[in-house]
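Novice: Got chain Z; can you put chains X and B on it based on the hints?
Okay, here's what each chain looks like letter by letter:
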Amino acid sequence: MLASLKSGPSRITGTRCMSTATQRAPVMRRAMLYVPGSNPRMLEKSLASPADSISYDLEDAVSPSAKPAARKLVAELLDSERRPKGEVMARINAVGTGFEIDDLDTVLRTRNIEAVALPKTNDPDQIEWVVSRIDALCPPEKRRGGANPLRIIGMIESAEAMVKIERIAAAGKGHLDALLFAAEDYCADVGIARTESRAELLYHRSKLVVTAKAFGLGAIDLVCVNYKDPEALRVESEEGRRLGFTGKQAIHPNQVDVIQRAYAPSEASILKAARVKLSFELNDKAGKGAYGLDGVMIDAPMYKQALSTIAMAVAAGIPIPEVTEKDVQ
Amino acid sequence: MLASLKSGPSRITGTRCMSTATQRAPVMRRAMLYVPGSNPRMLEKSLASPADSISYDLEDAVSPSAKPAARKLVAELLDSERRPKGEVMARINAVGTGFEIDDLDTVLRTRNIEAVALPKTNDPDQIEWVVSRIDALCPPEKRRGGANPLRIIGMIESAEAMVKIERIAAAGKGHLDALLFAAEDYCADVGIARTESRAELLYHRSKLVVTAKAFGLGAIDLVCVNYKDPEALRVESEEGRRLGFTGKQAIHPNQVDVIQRAYAPSEASILKAARVKLSFELNDKAGKGAYGLDGVMIDAPMYKQALSTIAMAVAAGIPIPEVTEKDVQ
Amino acid sequence: MLASLKSGPSRITGTRCMSTATQRAPVMRRAMLYVPGSNPRMLEKSLASPADSISYDLEDAVSPSAKPAARKLVAELLDSERRPKGEVMARINAVGTGFEIDDLDTVLRTRNIEAVALPKTNDPDQIEWVVSRIDALCPPEKRRGGANPLRIIGMIESAEAMVKIERIAAAGKGHLDALLFAAEDYCADVGIARTESRAELLYHRSKLVVTAKAFGLGAIDLVCVNYKDPEALRVESEEGRRLGFTGKQAIHPNQVDVIQRAYAPSEASILKAARVKLSFELNDKAGKGAYGLDGVMIDAPMYKQALSTIAMAVAAGIPIPEVTEKDVQ
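From first to last, the protein sequence lines are chains Z, X and B. Following UniProt numbering, the numbering of the first sequence begins with 1 at its first residue and continues without gaps. Following UniProt numbering, the numbering of the second sequence begins with 1 at its first residue and continues without gaps. Following UniProt numbering, the numbering of the third sequence begins with 1 at its first residue and continues without gaps.
So that you can see chain Z by itself, here it is in the shape it has in the complex:
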């Protein structure tokens, strides 16, 4: 160890996991909308959805007897000339259900598939199994190192998965793109009873977020099952974003807009970010160190946070307000 250290600390870097700073960003996936694979009307409607990601569902939204028909419907849609504007994802059935092999092989063979959501990911081997099927069935550009590697979403739905989450997050290199908190199954497995405060979920959601970020992955928050209450959805979405989630599952088209607005930065935070950015740069040019703005000490990490907020606003199509030297004095 000492030998390599002598050559300089720039070589001292862990290889087990990497912070987001040193990796490609995961795709922007604010709302991830499930569309029941067995419902032709909803499948058709999904093509016009503004959701950042559409997850064509072969799992919980499809009853066992309807699985083969749903698989066929989804495969036809994913292989057609038409596709939604957002990411094209399929949620297959979990390993061990007996449906998963046909599900996965079928969707991987389609033209438009970009991502696969794997329910009940309880072990890193399950991720590696998906990777082995990608290697067997997909064209080179969808394989590791290709132009558009197929993305895998690891769905965390059990105590076992949470205990193994670091090993899961380290699996499927180049393909694993996000971890997802599947609250209903997770709570059933752990024995958690949900409350309106969601305090009982804080540990579990926080651990998922920090693990995802440590491995350069996105973090997708729970479904708001109360799909008729946009205000409850807004509150829950904003809370998830504050915890560090990068997006949220939607089970109804009318949830998409609320979620996507919540996961875009607020006007106030964009304005603040623009002011921090300008004042920091002016201050730095003048060769000064830490300084105050609105009674708060501004330093390098706050500057980086401001840059990140501005980048998200740009990605969400929100204009950045102009700020002048006068505004930050």
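Hints listed in this document are in silico derivations from the structure and should not be mistaken for laboratory results. One or more hints might be untrue.
Chain Z stretches covered by chain X per the calculated footprint, using a threshold of three residues with CB under 8 Å from any CB of chain X [as the list claims (entries may be wrong)]:
no.	segment
1	60-72
2	149-162
3	182-189
4	195-205
Heads up, simulated SDA-like pairs for lysine to any residue below, C-alpha to C-alpha not over 25 Å straight-line [unchecked claim]:
no.	chain 1	residue 1	chain 2	residue 2
5	X	Lys142	X	Ala193
6	Z	Lys304	B	Gly96
7	B	Lys45	Z	Leu293
8	Z	Lys45	X	Leu293
9	X	Lys272	Z	Ala193
10	Z	Lys272	B	Gly96
11	X	Lys288	Z	Leu47
12	Z	Lys173	B	Glu166
13	Z	Lys228	X	Ala274
14	Z	Lys272	B	Lys288
15	B	Lys304	X	Gly96
16	B	Lys67	Z	Leu293
17	X	Lys228	B	Lys272
18	X	Lys228	B	Lys288
19	X	Lys45	B	Gly292
20	B	Lys228	Z	Gly289
21	Z	Lys45	X	Gly96
22	Z	Lys67	X	Glu281
23	Z	Lys272	B	Pro230
24	X	Lys304	X	Asp327
25	Z	Lys72	X	Asn283
26	X	Lys304	Z	Thr195
27	X	Lys67	B	Gly287
28	Z	Lys285	B	Pro68
29	Z	Lys45	X	Gly292
30	B	Lys304	X	Glu196
31	Z	Lys304	B	Leu202
32	B	Lys288	X	Glu44
33	Z	Lys285	B	Arg41
34	X	Lys285	Z	Glu128
35	X	Lys304	Z	Phe99
36	X	Lys67	B	Leu202
37	Z	Lys173	B	Arg167
38	X	Lys288	Z	Leu73
39	Z	Lys288	B	Asn254
40	X	Lys272	X	Ile318
All C-beta atoms in this analysis are idealised placements derived from N, C-alpha and C, irrespective of residue type, glycine included.
Specialist: Below, chains X and B without anything else, positioned relative to chain Z:
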């Protein structure tokens, strides 16, 4: 890896820990009542206790000078013809106190002993030491693989234990039955000061719960030291249950009833579970997928949670209300 | 394993980490005040500071162009006859910035240096690099096993660091003295947006605290950037202390007093501790076990917590109230 994977994903299962779904259930242990081993009147009274579990205490409730007499009293009771209705447990003194060998060997030789609580379990080796004494002293039916393997309760009382909790949970296979959160010693070790909100304990209790569940173990919540306030006890008990604990320690007989009621499902939740169960089964028979009930989307995980609630009600002796097709439309 | 176990459970002790009970205490470091290394007036003023620890800052408070001048100023101060009453610490620039080698070597060569804060500690190897420089540059008494080993503060500022925190805490044996929660950079990396409740930080702060304690280290809480609001600072300081932190960063001299008062035990808690101590000792002398005081059951762990509170009060120079037998009946 790939060779075994090719034979099908049904073989892709982790071996390090297992979710509750794939293991025997831990025993129902809603209230675990400590009875001071040095107090003949309380020992006698314990025989009539309705508690799911009685933990005859040789540790904190017994002063050092009274240890040998208490050990003798407890051994006589545990070896007699009479026993309480609930589980018969002994809490021995911690490893390193100098009392633990005599405590353990004495209680393991008794006829009625069913479980041992091990205080200050800071390392998996301590669990394995208990197992080695079971193998040496107990009849075959109390050993691993026997009809009634003696159960071990691992008491988590320090920062070190929490950092090693996954290794502790993996120890004592076939004997380790539950992890227990010993708040007083734990807070003293970590430097936590308790508040009425218990927010400062949320991380620690949640981590214990999810680890216990990942290894198929029960999770026993903290003592409510405020033993004269049944309302505070009720609130604390219900909170623990929502976090996923399966039971709670009691230090006074008048705490047992409140705890056991809190850890049984509520009438409202049983009714809701019965409605979810029926509507899901009707919907499934009709070959439909996800659907709404009372404005909430019902799917497979919610159905499983409903089944679990009903099973707990049955175990606690609570009648399940009858629900008809008309009630779920 | 069984062979060693047979020789008695007193040899059953983990070696991976140790609870505070079995290690030297970390130094008392209630307030850790940053002083910008580039500001001669503030450097001079720091010599009169009552802070338990002064961290001469070469990192965020110093702009890149001012780094060499700041390094020289700090080195001169740390090598002079004068020193502040508290611990003398330097915060160097992070590994990978290009400044860190000159920073570290320069401050290690000074007479008064007692501790080094290492920003963005993302890997245990970074700690070991600091140790290797201590071995190369410091006199024997500042090396491992010496009379005053130089102390290292590991600053946790990223998701990666949190995921590796147990390995970081196990590094730099004999030198690593505390882990520090660097909220601004941490939140930017994880994507957390701060709120006034700080609920979004609870998981992260709690995990840092319990890991630090498991390895016998101090735990230093976040900066209160709102440096003009002493009441907000007080609330935040007391909260940190309840979570188990042993101290808190300060970025302005006027924060020191509020923090150091908050991290000293309150009069009420000292009085309660004195009452618990006396009543427990009286009860123990009388050979009785658990008993009640003010409606709360008092046992051995509560006694130990009381002793710890009294020890902290003594260290902070607060008088212990006299309690007599009559006061605890």
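Novice: Does each hint fit the structure? Answer for all of them.
Specialist: So, going through the hints one by one against the coordinates:
Counting residues of the segment 60-72 of chain Z whose beta-carbon sits less than 8 Å from any beta-carbon of chain X gives 7, enough to reach three: the coverage restraint holds. Note: the segment 149-162 of chain Z has 5 residues with beta-carbon separation from chain X under 8 Å; the three-residue rule is met and the coverage holds. Only residues whose C-beta sits within less than 8 Å of a C-beta in chain X count toward coverage, and the segment 182-189 of chain Z has 6 of them, enough to reach three; the restraint holds. Evaluation of the coverage hint for the segment 195-205 of chain Z: fulfilled, as 6 residues show C-beta separations to chain X shorter than 8 Å, against a requirement of three.
Restraint check for Lys142(X) and Ala193(X): the C-alpha separation of about 40 Å exceeds 25 Å, so the hint is violated. Note on Lys304(Z) and Gly96(B): the hinted pairing holds, with a Cα-Cα distance of about 17 Å set against a maximum of 25 Å. Distance check on the hinted pair: Lys45(B) and Leu293(Z) sit about 23 Å apart at the alpha-carbon level, within 25 Å; holds. A hinted pair counts as satisfied when its Cα atoms are at most 25 Å apart, and Lys45(Z) with Leu293(X) qualifies at roughly 23 Å.
Among the hinted pairs, Lys272(X) with Ala193(Z) is consistent with the structure: their alpha-carbon atoms are about 13 Å apart, no more than 25 Å. About 29 Å separates the Cα atoms of Lys272(Z) and Gly96(B), which puts this hinted pair outside 25 Å; it is violated. About 23 Å separates the Cα atoms of Lys288(X) and Leu47(Z), which keeps this hinted pair within 25 Å; it holds. Proximity of Lys173(Z) to Glu166(B) is assessed by CA-CA distance (about 24 Å); at most 25 Å being required, the pair is judged to hold.
Restraint check for Lys228(Z) and Ala274(X): satisfied, since their Cα atoms lie roughly 23 Å apart, inside the 25 Å limit. With a CA separation close to 63 Å, the supplied pair Lys272(Z) and Lys288(B) exceeds the 25 Å bound. For the hint pairing Lys304(B) with Gly96(X), the CA-to-CA distance comes to about 17 Å; that is within 25 Å, so the pair holds. Using a Cα cut-off of 25 Å, the hinted pair Lys67(B) and Leu293(Z) holds, with the two alpha carbons roughly 23 Å apart.
Taking the CA atoms of Lys228(X) and Lys272(B), the gap is about 19 Å. The hint holds against a cut of 25 Å. Only pairs whose Cα atoms come within 25 Å are accepted, and Lys228(X) paired with Lys288(B) is accepted, the gap being roughly 21 Å. Among the hinted pairs, Lys45(X) with Gly292(B) is consistent with the structure: their alpha-carbon atoms are about 20 Å apart, no more than 25 Å. Using a Cα cut-off of 25 Å, the hinted pair Lys228(B) and Gly289(Z) holds, with the two alpha carbons roughly 19 Å apart.
About 68 Å separates the Cα atoms of Lys45(Z) and Gly96(X), which puts this hinted pair outside 25 Å; it is violated. With a C-alpha separation of about 17 Å, the suggested pairing of Lys67(Z) with Glu281(X) holds against the 25 Å cut-off. Distance check on the hinted pair: Lys272(Z) and Pro230(B) sit about 24 Å apart at the alpha-carbon level, within 25 Å; holds. Pair hint Lys304(X) plus Asp327(X) holds up; C-alpha atoms about 20 Å apart against a cutoff of 25 Å.
Distance hint between Lys72(Z) and Asn283(X) is fulfilled; the C-alpha atoms sit about 22 Å from each other, no more than 25 Å. For the hint pairing Lys304(X) with Thr195(Z), the CA-to-CA distance comes to about 18 Å; that is within 25 Å, so the pair holds. The straight-line distance between the Cα atoms of Lys67(X) and Gly287(B) is roughly 10 Å, inside the 25 Å bound, and the hint therefore holds. For the given pair, Lys285(Z) sits about 17 Å from Pro68(B) by alpha-carbon distance, which is consistent with the 25 Å threshold.
As the CA atoms of Lys45(Z) and Gly292(X) are separated by approximately 20 Å, the hinted pair is consistent with the 25 Å bound. Distance check on the hinted pair: Lys304(B) and Glu196(X) sit about 21 Å apart at the alpha-carbon level, within 25 Å; holds. Straight-line distance between C-alpha atoms of Lys304(Z) and Leu202(B) comes to about 23 Å, which keeps the hinted pair within the 25 Å bound. Using a Cα cut-off of 25 Å, the hinted pair Lys288(B) and Glu44(X) holds, with the two alpha carbons roughly 19 Å apart.
As the CA atoms of Lys285(Z) and Arg41(B) are separated by approximately 22 Å, the hinted pair is consistent with the 25 Å bound. For a cut-off of 25 Å, the pair hint linking Lys285(X) to Glu128(Z) is broken: about 35 Å separates their Cα positions. Restraint check: the Cα-Cα separation between Lys304(X) and Phe99(Z) comes to about 19 Å, which is no more than 25 Å; the hinted pair holds. Using a Cα cut-off of 25 Å, the hinted pair Lys67(X) and Leu202(B) is violated, with the two alpha carbons roughly 41 Å apart.
Using a Cα cut-off of 25 Å, the hinted pair Lys173(Z) and Arg167(B) holds, with the two alpha carbons roughly 23 Å apart. Using a Cα cut-off of 25 Å, the hinted pair Lys288(X) and Leu73(Z) holds, with the two alpha carbons roughly 16 Å apart. For the proposed pair Lys288(Z) and Asn254(B), the alpha carbon gap of about 21 Å is at most 25 Å, so the pair holds. Proximity of Lys272(X) to Ile318(X) is assessed by CA-CA distance (about 14 Å); at most 25 Å being required, the pair is judged to hold.
Against the hints set out earlier in the document, violations occur for numbers 5, 10, 14, 21, 34, 36.
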